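*Asks:* Just so you know, the protein sequences line up as chains Y and E, in that order. Quick note: the first sequence uses the numbering used here, first residue 1, plus one each step. Quick note: the second sequence uses the numbering used here, first residue 346, plus one each step.
Rather than coming from a laboratory, the hints here were simulated on the basis of the structure. Values in this document were obtained by computation on a predicted structure and should not be read as measured data. The beta-carbon is built from N, C-alpha and C at its ideal position, and this holds for glycine as well. Please note that the accuracy of each hint is not assured.
[As the list claims (entries may be wrong)] So the derived label-pair ranges between C-beta atoms look like this: (1) E/K569 - Y/E85: 36 to 42 Å; (2) Y/K292 - E/K498: 32 to 38 Å; (3) Y/E38 - E/N347: 55 to 61 Å; (4) E/Q372 - Y/A82: 26 to 32 Å; (5) Y/E235 - E/K392: 51 to 57 Å; (6) Y/E235 - E/V388: 48 to 54 Å; (7) Y/L48 - E/F444: 55 to 61 Å; (8) Y/A82 - E/P409: 44 to 50 Å.
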Amino acid sequence: MKYVILKKNKLDEFIVNLSKQKKVMAPVSKGYNNYAFEEVTRGGQIALKYIPTILPPKKYFMPQYETVVEYDTKDGKQNMEAIVEYDEMILFGVHTCDLAGIQSLNVVFSDRPKDLNYIIRKNKIILIGLECNDYCDEHASCKLVNNELPNGGYDLFFTDLGDFFLVHVNTWEGENLISLTKVFEPADDIHMKKREKLRAKKREIFKNEVKINPDQIPDLFDRSHNSKVWYKLGERCLSCGNCTNVCPTCHCFDVEDEINLDLKTGKRIRIWDSCQHESFAKVAGGENFRRKAAGRQRHRYFRKFKYPVDKFSRYFCTGCGRCSRTCMADIRLKETLDDLIKESI
Amino acid sequence: MNKPKVAFFDFACCEGCQLQVANLGEQLLDILGVIDVVEFREVMSEKWNKEYDVAIIEGSITTPHAVDRIKKIRKRSKVLIAYGSCATIGGINGMKNNFELDEIREHVYPDNAKHFPTIPTMAVDQVVKVDYYVNGCPIYPPEFLKVIKAVLKGIPYAVPDKAVCAECKLNENVCMYEKGVICLGPVTKAGCNSWCINNGNICYGCRGVVTNPQEQAQNDIMVKYKISLDLMLNKMNMYNKCREIDKDE
Chain Y
1 MKYVILKKNK
11 LDEFIVNLSK
21 QKKVMAPVSK
31 GYNNYAFEEV
41 TRGGQIALKY
51 IPTILPPKKY
61 FMPQYETVVE
71 YDTKDGKQNM
81 EAIVEYDEMI
91 LFGVHTCDLA
101 GIQSLNVVFS
111 DRPKDLNYII
121 RKNKIILIGL
131 ECNDYCDEHA
141 SCKLVNNELP
151 NGGYDLFFTD
161 LGDFFLVHVN
171 TWEGENLISL
181 TKVFEPADDI
191 HMKKREKLRA
201 KKREIFKNEV
211 KINPDQIPDL
221 FDRSHNSKVW
231 YKLGERCLSC
241 GNCTNVCPTC
251 HCFDVEDEIN
261 LDLKTGKRIR
271 IWDSCQHESF
281 AKVAGGENFR
291 RKAAGRQRHR
301 YFRKFKYPVD
311 KFSRYFCTGC
321 GRCSRTCMAD
331 IRLKETLDDL
341 IKESI
Chain E
346 MNKPKVAFFD
356 FACCEGCQLQ
366 VANLGEQLLD
376 ILGVIDVVEF
386 REVMSEKWNK
396 EYDVAIIEGS
406 ITTPHAVDRI
416 KKIRKRSKVL
426 IAYGSCATIG
436 GINGMKNNFE
446 LDEIREHVYP
456 DNAKHFPTIP
466 TMAVDQVVKV
476 DYYVNGCPIY
486 PPEFLKVIKA
496 VLKGIPYAVP
506 DKAVCAECKL
516 NENVCMYEKG
526 VICLGPVTKA
536 GCNSWCINNG
546 NICYGCRGVV
556 TNPQEQAQND
566 IMVKYKISLD
576 LMLNKMNMYN
586 KCREIDKDE
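So here's chain E without its partners, still in its complex pose:
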């Protein structure tokens, strides 16, 4: 069997997820034993002009040019993976959607603004079909490996749809709310093994909101801990602003 041709692409992002892949160490060598990387800007300069077996997409879609580019990549790819918060849920680039597009464009490119057409930030699956998701900012390396193996095997990978709390409890962390700190674990999809909380940080919601966040219960909790809706939305929107695009449809 020929090794699948795999290409990595980046859109609006910090390229931190590529760095996570490049930093896999020995495991990266194992992966390179079973796939053939044909494009990966972070680590090589070669290009590939045929079909991709697997395209791995980092970054969110923020310009008309990016829309064209991702559509072209999709057409050339048998399987498409979105990885990292920017690609899977829009991520922090979504904060752009808090502002008027012209206003923000002039702020960034004062006199040259007219040369930079812009659109609201979108997650990759808000533009093209996505087959696999590796959520997180950055991606959680063990989950990336899990997804790669699922792709190679041709089986689906389901992103856990329970709260981060479920994994956090298994790791026996003291609950952030008991420390008097607001944490987005209760509304955020698990799968990261509560990576941040294990290391003393809060959950920022980078993996996206669970499908059913039990809104009534969440409201009760905000009342109990005296958290205003504005503050909560502010925290949620740091990573999850692009959610609104789906809601509007």
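Same shape as in the complex, but just chain Y:
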């Protein structure tokens, strides 16, 4: 376990230094209490205190529009060339919920058949985490899924302790950044004790946000398949797909061919899709497996709290609260869970 510290007044130097080596992406303010990961070159551009960004950092791991194949059918050929689009970059200031989101995506895309585009891109991204000292807002449910503290998945991890950051060096890549930038100092006992104090305070602040023992959630969902809760959600849902687009673990996509005007060459792209759209489960012949919004909302929740537990032994809800925050119809994840619990008693 290696720890170093970065004095706050050296943050700018650190970011300037990093941005000379690679693209640096960090949370910046977009106004109206909205934030987004964008490229930065100075420390001052970064919003150190931010609520989860509109889109999670998954946009760098699986871009919204991604070319996967280029094809050529000239002269009767059937040539297809696999394409991997990637950018080397450093993500700074990733909260623990979003680190958990990236870990979930890693699990999905490493499962067979492996998604090489994702895996190659992931290996080009360096992750610098940032601890939350307090709740971002009332929508977060990070304690429910144990994401209020870091669970790995980063190269460096920053904890803001007043006039300095305590930095956990987790990987060789992280160590490399420390020695390259030359702005860090060794951490000693006083620094570590300050973090202990913060963690003790966090234990007081972060309490399970939903009245259920997390171990019992899959069981709750087992019993809730035909719950009235889903029908009520269905009436309220706009089917706009905002909840899945902003979710750090939703990863469904559509694949389209974009042909060139010569009608012979073109590319195959993948685009984010959403199970909340009415067209998502529509198949040839016009049949639709999830015709009603109720079934679509139920599917979304089961994809967070039931199916991934069966398949990967982890919740695919990271507690970030984005789905609740972005929903115009006020569909709130914590409320939905509360309603399911109330109904099942």
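Assemble the complex: chain Y is given as a structure, and chain E must be docked to it using the hints.
*Replies:* Okay, now just chain E, sitting in the frame of chain Y:
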């Protein structure tokens, strides 16, 4: 293979969509490499008296004369594309349908009104069969290209039937409702890559209403944001008034 004969026509409209095509720049040259434009009033004066492989129609149908004309064009065309809000959904010309026809005719042509017979505004597909749609006011050039390619290839093009919000979120815009502004994104068909909102404007609903606007949920939202039904209908009807013609049938 001979290049398909393509003709552009305009009905009641501002001809802004033709301008979008004329402004495609280098891409226009690429298109002209694969099609043979035989009529296009905005950029040429030649006419064509044979069959059209593809007719591209701008504008809505607002007079008996226009009904005859579009029917004739349809008969002479193998494929017919409606493009722009006026042609695809009636567009802002539909606002005429808020008034009594005689009243509005006398307002526009005071003493000569009797020389100008008029009918309620209709989208092209409310008069003749339409094979392809390029929605929007004006058309979104990348979608126009997509449709042209689909036509050349002989495959269908499905206008996205999800809300503009879906694309807007992918572009990571701050939601207009969070800025306290009413936006028609939640009820309007996507496909424009949230063009207006990306540039700081609201969605005016120019691509038409999604097939299933989840009415109960929309009502809840109007209550939540304290938007009256009148105000909402007013905003919707700016582009979508002609929808009522289909509902009446």
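*Asks:* A separate judgement is required for each hint: does it hold in the structure or not?
*Replies:* To see whether the hints hold, each was checked on the structure:
Judged by the Cβ atoms, the range 36 to 42 Å given for E/K569 and Y/E85 holds: they are separated by roughly 40 Å. Between Y/K292 and E/K498, the C-beta spacing of about 34 Å keeps the proposed range 32 to 38 Å intact. At about 50 Å, the CB distance of Y/E38 to E/N347 disagrees with the hint of 55 to 61 Å. Taking the beta carbon of each, E/Q372 and Y/A82 are about 27 Å apart, inside 26 to 32 Å as hinted.
A beta carbon spacing of about 56 Å between Y/E235 and E/K392 agrees with the range 51 to 57 Å that was offered as a hint. Between Y/E235 and E/V388 the CB atoms are about 51 Å apart, so this pair conforms to the stated range of 48 to 54 Å. Taking the beta carbon of each, Y/L48 and E/F444 are about 57 Å apart, inside 55 to 61 Å as hinted. About 58 Å separates the C-beta atoms of Y/A82 and E/P409, a value inconsistent with the hinted range of 44 to 50 Å.
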